[in-house]
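What follows is each chain in one-letter form.
Protein chains: 2
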Amino acid sequence: MMSEHLKNLSWIAVDWGTSKLRVWLLDSQNNILFHICSDHGAARLNPEQFEDTLLELIGDSLPAQGSVPVICCGAVGAQQGWAEAPYIQTPCPPPSFDGATQIRTKDHRLQVFILPGIKQPSPADVMRGEETQIAGFLSETPNFDGVIYLPGTHSKWAHISANEVVSFRSFMTGELFALACKNSVLRHSVADTGWDDEAFKVAVADAMSRPSAFAANLFSIRAETLLSKLSGATARARLSGQLIGIELAAARPYWLGQEVVIVGANGIATAYQTALAEQVVQARIVPAKDMSLNGLLAAYANRPQ
Amino acid sequence: MMSEHLKNLSWIAVDWGTSKLRVWLLDSQNNILFHICSDHGAARLNPEQFEDTLLELIGDSLPAQGSVPVICCGAVGAQQGWAEAPYIQTPCPPPSFDGATQIRTKDHRLQVFILPGIKQPSPADVMRGEETQIAGFLSETPNFDGVIYLPGTHSKWAHISANEVVSFRSFMTGELFALACKNSVLRHSVADTGWDDEAFKVAVADAMSRPSAFAANLFSIRAETLLSKLSGATARARLSGQLIGIELAAARPYWLGQEVVIVGANGIATAYQTALAEQVVQARIVPAKDMSLNGLLAAYANRPQ
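Chains as they are written, first to last, in this note's numbering: chain A, 1 to 305; chain B, 1 to 305.
Be aware that one or more of the hints could be misleading.
What the hints assert, rightly or not - With beta-carbon atoms standing in for the labels, derived distance ranges:
1) B/A205 / A/G59: 28 to 38 Å
2) A/G41 / B/C37: 48 to 58 Å
3) A/A277 / B/E56: 20 to 30 Å
4) A/A233 / B/K7: 23 to 33 Å
5) A/S209 / B/D39: 33 to 43 Å
6) B/A301 / A/Q79: 22 to 32 Å
7) B/P47 / A/D39: 54 to 64 Å
8) B/F34 / A/S209: 12 to 22 Å
9) B/G59 / A/A233: 37 to 47 Å
For the record, the hints were derived by calculation from the structure and aren't laboratory data.
This structure is a prediction, so every number in the text was calculated from the model and none was measured.
Backbone N, C-alpha and C define an ideal beta-carbon position, used for all residues, glycine too.
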């Protein structure tokens with residue numbers, strides 16, 4: 001993909017998630033020489049395809065002699081990933097280079113390490129990739145005491161104190177939203193884009209006050225499309241509001257009276273910010289992509305010399 | 001499909017649902033001459049394919065002269081079906097032949113009627129097919145006063161009094177279960193078959209007492225697979241229990257202190273019966289397929305002569 005190698009390349013940071021692959025080529029001062037974002041997420045790859053995928057993207061940039069450290073986080077370390085990297089257990093500081101798993105590669109110019117994920121025995125929970133975003137945020141805000149919320153396919157609420165992840169809880173909200181939009185009967189009702197902020201707020205409040213009714217409220221979206229021509233944008237906002245509302249009801253111990261930082265991007269981070277504002281919680285948004293890189297930088301800085 | 005026509009064929013009853021097509025060929029005494037169950041559900045067909053699909057199955061059985069009444073119920077009458085049949089509005093007796101929509105066919109040996117569905121303005125809700133099962137049950141038990149529960153892709157709770165559907169409520173429970181099993185991250189955790197009755201009961205009770213946590217409890221199933229080798233059968237029962245539990249919490253006004261009849265089949269009817277028994281509600285199961293035919297028989301018996 002790149003036609004010549006980069007003279008000052010010192011190391012490579014990789015956030016290899018389920019659906020996206022982000023690669024940063026860095027010099028010894030951590031200046032970004034090149035950045036790639038591709039859709040070759042871990043979900044699309046067999047274990048033996050990871051190395052080739054990486055080489056296709058950055059192989060031409062590798063030096064002819066010697067090897068380059070590659071620090072990875074995310075689904076790349078899952079059971080179905082490149083190689084399984086262990087978890088460290090809560091309560092714990094977000095993983096640094098300690099405990100990283102080195103991968104044997106065919107190409108000796110690569111020196112690949114995968115950072116650990118975090119596990120929690122009870123309630124049973126796991127994260128891979130978000131711990132690096134948390135590390136990135138804490139590298140900028142070292143004495144933060146509060147809650148970090150990471151929206152996504154499996155969104156996470158993490159309680160942070162004394163630079164440790166004390167506890168966390170994942171919700172399948174993002175995945176349920178995508179499945180309902182694309183694969184359920186609601187695909188005939190919900191538009192691909194568009195929004196209705198008022199309908200969203202009403203749905204959040206409704207779901208928070210009566211979470212059990214959500215499977216019925218979802219079907220009502222379909223029925224209102226048929227009976228009263230509910231718009232696709234309003235249907236989209238209502239579906240999102242129902243799902244975010246029940247999540248907020250369950251996650252109340254995480255946000256009530258807490259300082260909340262949302263590590264996210266785009267519409268989804270704003271939607272949670274709006275929903276929390278209705279609960280009189282003023283959450284701040286920081287960009288997830290930057291936090292991933294910050295976390296990888298922090299891990300690399302703390303590597304054994 | 002059938003090589004010769006049936007001499008005594010008098011009329012044809014059709015339950016044409018989203019995923020299944022059931023056809024009964026009947027004589028003038030309503031004896032079943034032939035029965036077909038196929039997977040040519042309405043979801044797979046364009047409007048112009050319905051007639052050909054039906055002719056392929058039963059065309060050889062039609063008489064050379066004259067025409068045969070075909071009485072249909074279900075998704076065949078939906079917006080995406082053969083032709084849209086109107087809804088009648090609650091409170092109402094389940095639809096009879098009155099209000100049936102006659103379809104213009106290319107083959108004049110067919111005289112096709114689609115029975116109406118039922119709609120409810122608030123909370124907005126619709127049913128197509130279940131109303132015929134309700135009619136079938138009421139034709140056997142005319143003075144029933146209580147609740148009919150119809151599990152399925154979009155399960156329905158219907159309050160019945162004085163031979164009328166007073167109100168009803170649909171839940172997307174069945175569809176969410178199927179999507180979670182097949183399309184979500186839980187596909188790596190949930191077995192295709194197998195069951196754990198104790199895990200199911202615990203999950204139902206858990207979801208009923210704290211319905212909001214369900215999106216987190218779903219992710220815990222995945223985490224426990226990774227961290228403590230949760231079995232696929234137990235994962236399946238827990239997922240089902242979580243979804244049925246939140247439905248029961250919301251549907252409490254329908255079953256609490258009521259006589260409940262489950263119109264269903266197989267494991268799903270038994271699962272709801274088990275869950276309701278834990279709430280000290282002794283629900284009776286009657287076979288859904290028989291109720292559909294009974295409802296179509298009742299509609300045909302009341303046709304204008």
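Against the structure, the hints:
1. Look at B/A205 against A/G59: about 55 Å separates their beta carbons, and that is not inside 28 to 38 Å.
2. Taken as a hint, the range 48 to 58 Å is violated for the pair A/G41 and B/C37, whose Cβ atoms sit roughly 41 Å apart.
3. The hint said 20 to 30 Å for the Cβ distance between A/A277 and B/E56, and at roughly 58 Å that hint is violated.
4. Here the CB-CB span from A/A233 to B/K7 is close to 58 Å, at odds with the stated 23 to 33 Å.
5. Between A/S209 and B/D39 the CB atoms are about 41 Å apart, so this pair conforms to the stated range of 33 to 43 Å.
6. At about 59 Å, the beta-carbon gap between B/A301 and A/Q79 misses the expected band of 22 to 32 Å.
7. Checked against the hint of 54 to 64 Å, the pair B/P47 and A/D39 fails, with Cβ atoms roughly 36 Å apart.
8. Checking the proposed 12 to 22 Å range against B/F34 and A/S209 shows it is violated: the Cβ atoms sit about 53 Å from each other.
9. The beta-carbon spacing between B/G59 and A/A233, approximately 45 Å, falls within the hinted interval of 37 to 47 Å.
When each numbered hint is compared with the structure, violations occur for hints 1, 2, 3, 4, 6, 7 and 8.
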